[in-house]
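K.L.:
Listed below are the residues making up each chain.
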Amino acid sequence: MYMPPATPHPSTPAAAAASVLQACDLAGQRGDRALFEHLELALEPGAVVWLRGRNGRGKTTLLRLLAGLATPMAGEIRVNGVPQRQAGPPLRRSVVYIGHQNALKDDLTAMEALLFLARTRGDRPDDAALTAALQRLGVRGSRFAPVRTLSQGQRRRVALARLALCLHADLWLLDEPFDALDADGIQALNGLLAEHAARGGATLMTSHQSPSLRDPEPRVFDLDRHGLA
Amino acid sequence: MNSPSLRLFTFAAPSRFYRLAGWMVPWFWAATLVLSVAGLYIGFFVAPTDATQGDAYRIIFIHVPAAWMSMLLYLVMAFWAGIGWAFNARLASMVARAIAPTGAMFTFLALWTGAIWGKPTWGAWWVWDARLTSELILLFLYLGYIALVNAIDDVRRADQAGALLALVGSINVPIIYFSVKWWNTLHQGATISMTAAPKMATTMLTAMLLMTFAFWAYAFAVVFTRTRAIVVEREAHADWVTELTRGKMHP
Amino acid sequence: MRDLFLAVLLRDLKLASRRRIDSLLPVVFFIVALSLFPLGVGPEPQMLRDIAPGIVWVCALLASMLSVGSLFAGDLADGSLEQLLLAPQPAIAVAAAKSAAHWLLTGLPLIVATPLVGLLFGMSGSALLALVAGLLLGTPILSLLGALGAALTLGLRSGGMLLILIVLPLTMPALIFGAGAVGNIEAGLDAGGHFSLLGALLLATALGAPPATAAALRISTE
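Just so you know, the sequences run in chain order B, S and G. Quick note: the first sequence, position 4, residue 4 per our numbering, numbers continuous. Quick note: the second sequence, position 32, residue 32 per our numbering, numbers continuous. Quick note: the third sequence, position 42, residue 42 per our numbering, numbers continuous.
Honestly, the hints are just simulated from the structure, not real lab data. None of these values were measured; they are calculated from a predicted model. Be aware that a few hints might be false.
As the list claims (entries may be wrong) - If you anchor each label on the Cβ, the simulated ranges turn out as follows:
#	chain 1	residue 1	chain 2	residue 2	range
1	B	D127	G	S70	29 to 39 angstroms
2	B	G191	G	S70	31 to 41 angstroms
3	G	G74	B	G46	32 to 42 angstroms
4	B	T149	G	I31	32 to 42 angstroms
5	B	R85	G	G199	32 to 42 angstroms
Said to hold, decoys possible - Stretch by stretch, here's where chain S covers chain G in the computed footprint (C-beta under 8 angstroms, at least three residues):
#	segment
6	155 to 169
7	208 to 215
Stated by the list, open to error - Derived, one-sided and incomplete: chain B residues facing chain S with beta-carbon distance under 10 angstroms:
#	residue
8	G31
9	D32
10	L69
11	H168
Glycine included, every Cβ here is placed at the ideal spot set by N, Cα and C.
Whenever a hint applies, use it, and build me the whole structure from the sequences.
P.N.:
See below:
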């Protein structure tokens, strides 16, 4: 399978302005262990990048740094040209992060859980929009079921249904989105990724297996080449 | 704090502090010895016997400086912890952690000496007067800080959480002191207060000041020693530490 | 900010309504703990009346502290906390909403249960009124400070006890003013000073605790 080589973008001002996400000289650590340093990364609109690396290399750490959940030991992160530290509400709205965990409350129904997550972003989707989002991931039938009654795969689909409501967002950061998904789920997610890219959104995602998405072909960013031994 | 020491703790490399502090600590111990001998001599032998309280009052030469130190050290600890948090200065956070046990010790000392004073004076080992009760709550604040930073494994999170707690505690110290004072005046008719110390003859004041400086010197000696231990522990992976343990550097 | 505040608050209330038994536990603890005192110190009516304000406050304190320990634990476990911290609006709204939810679910029920307690301890009407008024001002303070403690001790093994240790000293002024107010009323004196101080304390805590809690949440999740 042909995998296009990773080409880190030069950090020129022109590139910065055009990038949705740009990381310069980034250093990350977990606890006391330094994981990577002098990391350069740039995502332009419409790009889909597969963040690849062995276990423990720091893929999740890097994603969390880029999302703004942790502060890097060194370096700078810019979203749409603005330093992350100075990002205001509109800029923060333009980034969607879905981590390992689904962020769904057990005692809420799938629809209620999805609505809550949307409301934290400041959106107020109506029932029709929520239903359509769940439909896209093939879990419309479980929308009134409490989350704790759903299987792992169904919960993952509900969590990913957020993406159907955030297609306009500039940047998607996804940590192992394909985990626990069956073939149908993978196809649905691929559809969302393609539509997001077509609208000019950028996606950075991790995955244990190589993504089956073909259009657009994901670029590879290999963390092993940037990591510390 | 004067500017050079601020820069020292904020931006100095831990290795530099290690060497500098190692040189200074013996002098601090020497000062502690000299000052405390002088202070205790004057306090216990030279200062006159008090008319009302007899010789039992002499314990205040330890009690009052200890109480001052306990409160002051808490603020100093909160200050350096805050600096460490705000500027991501590792050394400042280490110093704050090193201060905590010493501050707690002084609080404990103040409480003990308060009890020793109370027994002959009012017949009870403990009186719930405003100052002693505030000291007790201060001890809880110290213990809370120590417990919190020790419960968190991640060093950076522990330092930052401790800084936040210490700063919140500092804001509360005056509130707590005021409310305890209020509570005390409500519940006791005649104010039996530790602050009603015998009128200070000059010798008494001298003894008090000497003991205070002695405690300061002691605090520096102990805190610097503890900080050096923390530095070596945290920087264990650094080159200068491995060289040190191989005996190539002077301790 | 108001949107995020309301979203979190209403969600927590909805979740509590689906676990009603769990929500009642703090009040049950409150009453049980209070009942221990007559068993421990004897049933002499005047003495019980004397100690009632103090022990009601202490038990309210303990009930609050015990229930606040799990304030953020559920959200941490399922990843919701991460998403809340990623919200465009400041995390202060989350901290304030959580504190408000805790007060509505623990503090308010305690206040409602207090008249029953007053009966058990033979308190006079005016004393009971002063107690309830004090708790009305004081229990929000406990929820606000408790939230700070919960955020600092998030995910730690020794969480519960540690939280109580670090928060209790901070709550002592509220305890002093609240119980003292009732004491004054019972002695026939005016308690205006106590209530003013309690009110001022509430205001200061309401302004200062949520930002500190938000900072603590970031520290604990990095």
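K.L.:
Look at each hint and say if it fits the structure.
P.N.:
These are the hints, each one checked on the structure:
no.: 1; hint: B/D127 with G/S70: 29 to 39 angstroms; verdict: holds (32 angstroms)
no.: 2; hint: B/G191 with G/S70: 31 to 41 angstroms; verdict: holds (39 angstroms)
no.: 3; hint: G/G74 with B/G46: 32 to 42 angstroms; verdict: holds (38 angstroms)
no.: 4; hint: B/T149 with G/I31: 32 to 42 angstroms; verdict: holds (35 angstroms)
no.: 5; hint: B/R85 with G/G199: 32 to 42 angstroms; verdict: holds (37 angstroms)
no.: 6; hint: 155 to 169; verdict: holds (count 8)
no.: 7; hint: 208 to 215; verdict: holds (count 3)
no.: 8; hint: G31; verdict: holds (6 angstroms)
no.: 9; hint: D32; verdict: holds (7 angstroms)
no.: 10; hint: L69; verdict: violated (13 angstroms)
no.: 11; hint: H168; verdict: violated (35 angstroms)
Of the numbered hints given earlier, the model fails hints 10 and 11; all others are met.
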